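A.B. asks: So the protein sequences, as listed, match chains A and B.
The numbers in the first sequence follow full-length UniProt numbering, run straight up by one, and end at 442.
The numbers in the second sequence follow full-length UniProt numbering, run straight up by one, and end at 732.
In short, the hints are calculated from the structure, not lab data.
Do not take every clue at face value.
[What the hints assert, rightly or not] Simulated pairs of lysine to aspartate or glutamate, DMTMM-like, Cα-Cα distance not exceeding 25 Å:
| id | chain 1 | residue 1 | chain 2 | residue 2 |
| --- | --- | --- | --- | --- |
| 1 | B | Lys198 | B | Glu229 |
| 2 | B | Lys108 | A | Asp198 |
| 3 | B | Lys130 | A | Asp172 |
| 4 | B | Lys108 | A | Asp39 |
| 5 | B | Lys405 | B | Asp322 |
| 6 | B | Lys130 | A | Asp95 |
| 7 | B | Lys129 | A | Asp172 |
| 8 | B | Lys27 | A | Asp39 |
| 9 | B | Lys27 | A | Asp95 |
| 10 | B | Lys101 | A | Asp39 |
| 11 | A | Lys9 | B | Glu126 |
| 12 | B | Lys129 | A | Asp95 |
| 13 | A | Lys101 | B | Glu126 |
| 14 | B | Lys664 | B | Glu719 |
| 15 | B | Lys129 | A | Asp170 |
| 16 | B | Lys327 | B | Asp467 |
| 17 | B | Lys81 | B | Glu166 |
| 18 | B | Lys63 | A | Asp30 |
| 19 | B | Lys27 | A | Asp66 |
| 20 | B | Lys130 | A | Glu152 |
| 21 | B | Lys130 | A | Asp55 |
| 22 | B | Lys130 | A | Asp147 |
| 23 | B | Lys429 | B | Glu649 |
| 24 | A | Lys202 | B | Glu126 |
| 25 | B | Lys182 | A | Asp147 |
| 26 | B | Lys129 | A | Glu152 |
| 27 | B | Lys129 | A | Asp39 |
| 28 | B | Lys63 | A | Asp172 |
| 29 | B | Lys706 | B | Glu649 |
| 30 | B | Lys63 | A | Asp39 |
| 31 | B | Lys63 | A | Asp55 |
| 32 | B | Lys129 | A | Asp55 |
| 33 | B | Lys101 | B | Asp223 |
| 34 | B | Lys63 | A | Asp147 |
| 35 | B | Lys67 | A | Glu87 |
| 36 | B | Lys130 | A | Asp39 |
| 37 | B | Lys129 | A | Asp198 |
| 38 | B | Lys63 | A | Glu152 |
All of these numbers come straight from a predicted model, not from anything done at the bench.
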Amino acid sequence: MGISKDRIKFNVGGRLFETTATTLANAGRDSFFGALFDDEWNLSPPSEDSIHFIDRNSDCFSVLLDLLRTGDLNVPANITERLLHREASFYGLLDHVRAAKWGPFDGNRLRLSDSVKGIAPGDGTAIRAGPDGGCCVAHGSVVHVYDWMLEEHSPINLDYQRVNDVGWIDSDNIVLSACERLGRGEGGMGLFSSSSGDLRYKFQVCHENQVKSYTAGALSFSPDYKIFSSCKGRSNEYGVGVWDQITGKQTDFFYESPGWSLGDADKLQWLNGKNCLLVATLFPRKDNCYISLLDFRDKNMVWSWSDIGSPMAIDEKRVRDAIAMEDSNSICVVNEFEDLGFIDLRMYGGSVRWSSRSKLMKSKMPDEPCYPKLALHEGQLFSSMNDSISVFCGPDWVLTSRLRRSYGGSICDFSIGGDRLFALHCEENVFDVWETPPPPII
Amino acid sequence: MSNQKKRNFQIEAFKHRVVVDPKYADKTWQILERAIHQIYNQDASGLSFEELYRNAYNMVLHKFGEKLYNGFITTMTAHLKEKSKLIEAAQGGSFLEELNKKWNEHNKALEMIRDILMYMDRTYIESTKKTHVHPMGLNLWRDNVVHFTKIHTRLLNTLLDLVQRERTGEVIDRGLMRNVIKMFMNLGESVYQEDFEKPFLDASSEFYKVESQEFIESCDCGDYLKKAEKRLTEEIDRVGHYLDAKSEEKITSVVEKEMIANHMQRLVHMENSGLVNMLLNDKYEDLGRMYNLFRRVTNGLVTVRDVMTLHLREMGKQLVTDPERSKDPVEFVQRLLDERDKYDKIISTAFGNDKTFQNALNSSFEFFINLNARSPEFISLFVDDKLRKGLKGIADVDVEIILDKVMMLFRYLQEKDVFEKYYKQHLAKRLLSGKTVSDEAERSLIVKLKTECGYQFTSKLEGMFTDMKTSEDTMRGFYGSHPELSEGPTLIVQVLTTGSWPTQPAVPCNLPAEVSVLCEKFRSYYLGTHTGRRLSWQTNMGTADIKAMFGKGQKHELNVSTFQMCVLMLFNNSDRLSYKEIEQATEIPASDLKRCLQSLACVKGKNVLKKEPISKEIGEEDSFVVNDKFASKFYKVKIGTVVAQKETEPEKQETRQRVEEDRKPQIEAAIVRIMKSRKILDHNNIIAEVTKQLQPRFLANPTEIKKRIESLIERDFLERDNTDRKLYRYLA
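Produce the entire structure from the sequences given, and follow the hints as far as they go.
C.D. replies: Given below as structure tokens:
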């Protein structure tokens, strides 16, 4: 029986390894191994005895070779993540490592994978998950950026003005919205590189061909490369601005009409199916809640809801966050006791149908409450309350899981993206990373 | 300083800066640079990929990414400059080959260099947003080779020259061509477009401008189109062989513009071979080619269609206004149908059943058919001819086809009510004389007319059929109640409802006693079974079968008209009768009598009577005897009446008048209908609305409408507005 031609020998940092070309083929052409075994570099005909020398760490090589063999990542305790990532980067296998580290997102199978403690002073404003597993955290006037390895990059700021919202355009570009500084033309909205932290572009608001300084609020992005932001200008530039992601130019502006609120919005959400933007301004930013759907094609407010004039006797029924669910044609809202409510989008002027799930919460409110937040991900609804996040599923939104960790205090914001959930706690500047483990072996 | 002096010795701060060998970067780069040289010189066998990769990695890791990046660019640029000199030195045909060879080498080298610099590509370049190694290598090739002044124009000219040579029939190395063009495409769309495609299109435009001029001077239209089509397929093939697929649209539009659009008018109107000639000679292939080519250019089909329409109208006008053709209505209509079939076939085989062409065909027919006021009559006569004899031995399916075609012509008619009038007359004749060949065909046509024009149009026609059916039953009842009549002459009566049938003045005549007795019996039977009815005899429309024995004992059964029967019966009692005597005895009006006698005595083979003196015309002084020598090989002899098949001039006038008379109430009804809903309307709008409402039946004459309005005002249906005299008001 001859030796298989497939077989390949390595000497890595003095340790011998044997593997097959088929295993290495899993690395792909754009990797060290892909190039090494490309025809162009396969200069001398392979002999049985030829051993490829690689001047690298052999322990890591062993882990990565196993990764190529099985698709599973098993890191012994003596290898730090940083070392492993460094070696994976050398071989061009970082993407393989990331893909093996956590599985496709499922709200009911989440495990706490890491807790990152920041050094920022004060409470966090917002946390946003990036598309490839990284995240950014806004604290006061600075935004800290973490890649998927949870390595921190240079923090970003816009003239050190207070940050209102941040968002990822793609894995390398972050948009930041900030308050204006009176009279200096600072603040507004900027585009930053997530890896280097450089300011790449500053978005402008024009009214009657004049550039105005403005405060940028909530952000949203659409798949057809638009950026939306609620804006407050000096005089009457209140409303929602639209910019093109590619050119950076302002393409549209939806002015706020009297008696309604757009420029102060807490939340913008682009609805792709309806081709509309949800704009929600909520208590306590304003005395009342205003939720509306804007159609920019004909500058029309196609749907709206407000609690102006509704009986306020039952104080707890105040809407604290809202999210549109296109599949069920409704808007889900939440009050400060984490009661979920639903508004039908197909009717104009409908009322909230509360599902009074639990009044128990009222009794045990913590000292420093955080208002609930909502998120929707592939048919699963998430709502944060105090120090835990609830997961709801099914057409009737049944509570199926609860994520909780005692350390760090109440959750002030959370975000889902890149198959990870990030929860920002208001004390200690801690954020938790929740992942779905890779699928079981059998 | 003084402070330090006090101390005896000094411990140096433990602060060694980590210093990398200052020459580290240069040394490492030198290794890599040498490797790049070796790769370009195809001498890479001694290189270790692992070592080179690690060195490049280390340079990036130790923050020498920029040095590495710039070094790679400088080294590659130097190599490419050298290569471009070698390419430039290649002579004649080997120029392209050399370029292609060097391009392949560069690609291979670039691939290997990219492998070595893979880590830099992924980290340093990614985070500094510089151009990646592979596109950078292509850019360098573009700037140092393709755009090198001594290569740039030479390369373009070589390529264009090759294309030109292929166009003139030479065989070129398409593989090499494809590789070089592919190089342009790999360098980016803008390079391909700017450095090759645009000049290529310009040169092609020039080439086809000259060639099309040449062709148009020397070829006829058909040949020209063939050549244009060939050129077009050649260019499409060329794109398939060695150009970017996106160029197809551009190059075909150049050919289309130069070869077709610019010569469109001249081609269509070309003497003896243009469109009209093709249409006349049914050149389906040429027509199809013209359609397919002209379709590609703006206004191409419009041009073809306009010329076809013009020709059709001219041809049709000649056809329908030619007095010679009007002599035979059947032939006239057949010609129309033939023309329609011809153009139908052209449109379906050559013009891809193009809807706009079908519309043009229809509108042209509509235009010229109505140029001849007798078209409705002729079409009805054509149907009459077909239903009388023409449909014998034709399968049902074919009957349907003929009827459908007739309906097609019918649709073109503006004066559908005139057609109805004639059709009624002709149908009446067919029904009463029992000449109709196929009841089914008759009914089928009526159904078609009904779907086309509605219930009203055909209600009277259907009434005629009902009368025929009822009459049969009545006759059965009559003979059932009079069993004694089974002996002797048989009378068959068809009871026609007044109004359903074309009115004919009842021409009285004296019936022979045998018949008149029978008629009376029937009258009393019929009036006995139906109350409140009146019967009058239309003797001018009847027929009779009589048995006759001639001098030499020949027995025949003669099929004659009622008038003829009356005349013949007289000869039972006398051998010779003068015209006057006959007229007196029968009281048949002179014109009818003359016609009847003419058919009995003057038609060869059917002359049961003999006239003295012998001549073609009947005179008042003539006398008649039974023709004893009458002979016929048939037992049954049909004696026709000399009837004018086409209407005579006064008859035509009469029909016309009747049509006009019938239109009056219809126009009035339309006016009242419109005014009832609108209450107030001005004159012009009334005219327009009435015309529109009546269009499916006939084209209303504005003066006639005006007259009807006046008449309605007189009868207090409408009034004029007191202030604005142009306004009419409806009076409820």
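A.B. asks: Against each hint, give a clear statement of whether it holds in the structure.
C.D. replies: Going down the list of hints, with the structure as the test:
no., hint, result
1, B:Lys198 with B:Glu229, "holds (23 Å)"
2, B:Lys108 with A:Asp198, "violated (36 Å)"
3, B:Lys130 with A:Asp172, "holds (14 Å)"
4, B:Lys108 with A:Asp39, "holds (11 Å)"
5, B:Lys405 with B:Asp322, "holds (22 Å)"
6, B:Lys130 with A:Asp95, "holds (22 Å)"
7, B:Lys129 with A:Asp172, "holds (11 Å)"
8, B:Lys27 with A:Asp39, "violated (28 Å)"
9, B:Lys27 with A:Asp95, "violated (32 Å)"
10, B:Lys101 with A:Asp39, "holds (19 Å)"
11, A:Lys9 with B:Glu126, "violated (32 Å)"
12, B:Lys129 with A:Asp95, "holds (20 Å)"
13, A:Lys101 with B:Glu126, "holds (23 Å)"
14, B:Lys664 with B:Glu719, "holds (19 Å)"
15, B:Lys129 with A:Asp170, "holds (15 Å)"
16, B:Lys327 with B:Asp467, "violated (34 Å)"
17, B:Lys81 with B:Glu166, "violated (32 Å)"
18, B:Lys63 with A:Asp30, "holds (22 Å)"
19, B:Lys27 with A:Asp66, "violated (35 Å)"
20, B:Lys130 with A:Glu152, "holds (23 Å)"
21, B:Lys130 with A:Asp55, "violated (29 Å)"
22, B:Lys130 with A:Asp147, "holds (21 Å)"
23, B:Lys429 with B:Glu649, "holds (20 Å)"
24, A:Lys202 with B:Glu126, "holds (22 Å)"
25, B:Lys182 with A:Asp147, "violated (40 Å)"
26, B:Lys129 with A:Glu152, "holds (20 Å)"
27, B:Lys129 with A:Asp39, "violated (30 Å)"
28, B:Lys63 with A:Asp172, "holds (21 Å)"
29, B:Lys706 with B:Glu649, "violated (29 Å)"
30, B:Lys63 with A:Asp39, "violated (31 Å)"
31, B:Lys63 with A:Asp55, "holds (20 Å)"
32, B:Lys129 with A:Asp55, "violated (29 Å)"
33, B:Lys101 with B:Asp223, "violated (44 Å)"
34, B:Lys63 with A:Asp147, "holds (21 Å)"
35, B:Lys67 with A:Glu87, "holds (23 Å)"
36, B:Lys130 with A:Asp39, "violated (28 Å)"
37, B:Lys129 with A:Asp198, "holds (12 Å)"
38, B:Lys63 with A:Glu152, "holds (19 Å)"
The structure fails to meet hints 2, 8, 9, 11, 16, 17, 19, 21, 25, 27, 29, 30, 32, 33 and 36 from the earlier list, while all remaining hints are met.
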